[in-house]
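Protein chains: 2
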Amino acid sequence: MNMEFIDGGICAPHGFSAAAVHCGFRADVAKNDLALIVSDEMCSAAAVYTTNKVKGAPVAVNKKHLADGQAKAVICNSGNANTCAPGGKEVAEKTCELVAKQLGCSSNDVVVASTGVIGMEFTIDPFVAGVPAAAEILDYNGCEEAEEAIMTTDTVKKIVAVKFELGGKTCVIGGMAKGSGMIHPNMATMLAFITSDVAISPEMLQKALSADVVDSFNQLSVDGDTSTNDMCLVMANGLAGNTAINSDGKDFDTFCEALNTVTSYIVEHMAADGEGASKLIVCEVINAETKDEARKISRTVVSSNLTKAAIFGRDANWGRVVAAVGYTEGDFDISNIDVTLSSECGSIEVCKGTKMADYSEEEATDILTEDAINILVNMNTGDQGAKAWGCDLTYDYVTINSDYRS
Amino acid sequence: MNMEFIDGGICAPHGFSAAAVHCGFRADVAKNDLALIVSDEMCSAAAVYTTNKVKGAPVAVNKKHLADGQAKAVICNSGNANTCAPGGKEVAEKTCELVAKQLGCSSNDVVVASTGVIGMEFTIDPFVAGVPAAAEILDYNGCEEAEEAIMTTDTVKKIVAVKFELGGKTCVIGGMAKGSGMIHPNMATMLAFITSDVAISPEMLQKALSADVVDSFNQLSVDGDTSTNDMCLVMANGLAGNTAINSDGKDFDTFCEALNTVTSYIVEHMAADGEGASKLIVCEVINAETKDEARKISRTVVSSNLTKAAIFGRDANWGRVVAAVGYTEGDFDISNIDVTLSSECGSIEVCKGTKMADYSEEEATDILTEDAINILVNMNTGDQGAKAWGCDLTYDYVTINSDYRS
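Top to bottom, those sequences are chains A and Y.
Mapping of the first sequence onto the numbering used here: residues 322 to 727, in sequence order.
Mapping of the second sequence onto the numbering used here: residues 322 to 727, in sequence order.
Chain A extracted, bound-state conformation (with noise of 0.2 angstroms):
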């Protein structure tokens, strides 16, 4: 398939624009904190959730608002989680009305999210005049700002654009999101928005969608703290003008590979700017007996705090990553693991058979002396693999976290 990447993230797709203000929930006047995005057109929408029994207030107001499949804008605001807020739903709701009335939609076209701190008081105060201010300048070149006001702790924008072919019409998939800290498998504290000009049903939205976080976001771990806020939507206007798909075949596993695109580099991003992380680990478990278990065989691995803190200090400590593999909830064969360490700078088996392979440690350092490192990890049990996203344990974890409110 040919797919080209592209630049604009969300506002890329025909249709969508955005725009960014400060309203308030930050206490620097410069650094903005409140998204809108808007898509000219109705939308097919779709959307993952949070697994955590606690969450903040937006989630079940979006649950509602897109029970019918359709939505036309997404307004987002930093600084504040609106979770254990006292009336926080009735708030979410509020923000969505004041949208609705700028834009001239039903509010139940309204998708809202928050991200910040939980538990603090949250009030419709500084929507009241940053809704408004932010319809002022919608911009379709908007992506850079809505981004940079959606992030907290991120040190990087995740912004993405891919471009392909569905039925002869050039189509666009585009996505930014935010996510650093309390990042954990069934959503992080990762807010993703996926917008789309692809003509496309909510039903078969849905299916795509649900269908690729399995081996996209639920495959990411920076901390194994699974957030209250967490969401995935994914928005599709149509403009694009191909035949709509409204059933499974070639068009639809066209838009599913370009969807995974997007969700992978997202997710690689999100992983590479975990929260203090100076490297991204990739786990890619090959040749277990099901695809269930390696998933969750690459999951522990990335999401181990012994190999985390190894892989910063560069030390080849194998015996922790199969640990790790052991201690992977389920019932399998560990008797003949290969572990391959690799990066831009080499390939290095450090276990063969679940034994120490015959390696040099000055090598294996100096692969792990690079940002980016892969671990592969070989069952040698069946035919089935997947991948995980992770990253090191550094003494900036504990910085950001032991004072992130302060």
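Mixed in with the good hints there might be a few duds.
[Stated by the list, open to error] Straight-line Cα separation of at most 30 angstroms, DSS-like style, residue types lysine-lysine; simulated pairs:
1. Y:K673 with A:K385
2. A:K410 with Y:K673
3. A:K571 with A:K484
4. A:K676 with Y:K410
[Stated by the list, open to error] Non-contacting residues of chain A with respect to chain Y, defined by C-beta distances greater than 12 angstroms in every case (computed):
5. K415
6. E457
7. H590
8. A631
9. D654
10. S663
11. S681
12. G706
[Unchecked claim] Just so you have them, the derived chain A footprint on chain Y, three or more residues with Cβ under 8 angstroms:
13. 343-357
14. 372-382
15. 476-489
16. 636-649
17. 675-686
18. 707-717
Just so you know, these hints were derived from the structure itself, not from any lab.
Note that the structure is predicted; figures quoted are calculated from it, not measured.
All C-beta atoms in this analysis are idealised placements derived from N, C-alpha and C, irrespective of residue type, glycine included.
Fit chain Y to the known structure of chain A by using the hints.
Okay, now just chain Y, sitting in the frame of chain A:
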């Protein structure tokens, strides 16, 4: 029940001696690395082991040796875990044979343990001179030396003994343990050796131990990593002269209570001495619907990296506690949770009904300045409770684990 803490650790019960020597696993000859514990009489013996599928060679050997419920001695080295080492099982068997030869018993009555780095070559050589040398200097006051020899990243000794009455006889249970990192439920990288002069059948001893670990060792987490080598062993030689415990009843209950005093002491001191820890964190869950739910919630809270980092930073970030409760596996009501933080310096309710309570951040910070922090989570849904032990996440944890092998 009248129970008194006494000195002597594993040598406090009648008939137990111990010794330690340097045999060569560690480069520093001033640091002993081999401990021997011997009972004058044959003991009833019971053990629990790591649930990691990757197991150190000693685990398989011990399961075989303890199948008859009897043991007389324990040999334990530090500096090398004998895990994923070629021929490790044969070396573990030979080690037991060396001990048996010295003591004039069957190698089947010897328990073997190893702790240290995974995956290094492991040979019988250090034991050949080490075992006779240790046997030569067995001492009825040898607990301190034996404990020092098995410590790895531990910074304090974990030694305890309690004296109590059983059917008119004075009985003692003693314990020593190592364990600081790679500690997570279902046995940590932790070795605990518990001795007693109580007369009790192997079956009842195993029953007491298996019931105990559910609320002691399995509720302890330092870093979420479950080790390959964990073991808790209890040996009881009957020298106290009590009527042997062969069934349930008052004497068995008394024994279990004394055992729990010993294991609770060990668990609390292991958590407080977690790698790099500056604070002990105990999470107590009350008024949950089921005991199992209370256990899981308390374990999840003390395992949360974000909560651990917040406590290190003296940040009363109760939202992270509530988020951890929320992502605990299981289906339960989170709508009316109260959270209280306390220490020697006072107590403060920070969350009421899953919303922020009206409290002073300054007062909360003062409470979190102490070394031992209690997090009380009231679920308000039932009458079941449980406790879990953990520690904060610090710069020193990263230091220790990014450079453990060098």
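- Item | Hints breached by this structure | Those not satisfied are hints 8, 9, 13, 15.
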